[in-house]
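*Asks:* Sequence:
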Amino acid sequence: ARVARFSGIGNIAGAILRGGELRSMVSHNGIVGNQLRKAQEFSYPWAADALLVMHSDGLQTRWNLDGSPGLPSRHPSVIAAALHRDAARGRDDASVVVVKQEA
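Quick note, the numbering used here runs 20 ahead of the 1-based positions in the sequence shown.
Do not take every clue at face value.
[To be verified] Below, a list of computed lysine to any residue pairs in the SDA-like style, where the Cα atoms sit at most 20 Å apart: (1) K120 <-> R43; (2) K120 <-> L91; (3) K58 <-> I36; (4) K120 <-> D69; (5) K120 <-> G50; (6) K120 <-> L37.
[Claimed, not checked] So the derived label-pair ranges between C-beta atoms look like this: (7) N49 <-> V117: 32 to 40 Å; (8) I51 <-> S88: 28 to 36 Å; (9) Q55 <-> S93: 40 to 48 Å; (10) K58 <-> S93: 37 to 45 Å; (11) I51 <-> S93: 30 to 38 Å.
Simulated from the structure, these hints should not be mistaken for laboratory data.
We put the beta carbon where it would ideally sit given N, CA and C, even for glycine.
Please put together the full structure from these sequences, using the hints given.
*Replies:* As structure tokens, then:
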């Protein structure tokens, strides 16, 4: 398995999704460049069949893909669009990035 290295600061969330199991990544409060003491990097195992999902706080934190069978096998942009459609809060801007490893 590869390793995903993540340093989340502010309104960014990250997670690794594999086989329906979601592992959230650590993200600290703060604003980059403003009273940030030290960025801390965390490492996570990233299996070849797992998805890396990162998003802003415009997306609900309790999203899942359980209601969309087959979606994890689709192109990352399709997965990101579905997450945005289904989990955007509507009162804030939202960014979603989904990454798959190349076979």
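*Asks:* Now look at each hint and say whether the structure bears it out.
*Replies:* Structure-based check of each hint:
no. : hint                     : in the structure
1   : K120 <-> R43             : holds, 15 Å
2   : K120 <-> L91             : holds, 13 Å
3   : K58 <-> I36              : violated, 24 Å
4   : K120 <-> D69             : holds, 8 Å
5   : K120 <-> G50             : violated, 28 Å
6   : K120 <-> L37             : holds, 10 Å
7   : N49 <-> V117: 32 to 40 Å : violated, 21 Å
8   : I51 <-> S88: 28 to 36 Å  : holds, 34 Å
9   : Q55 <-> S93: 40 to 48 Å  : holds, 42 Å
10  : K58 <-> S93: 37 to 45 Å  : holds, 39 Å
11  : I51 <-> S93: 30 to 38 Å  : holds, 37 Å
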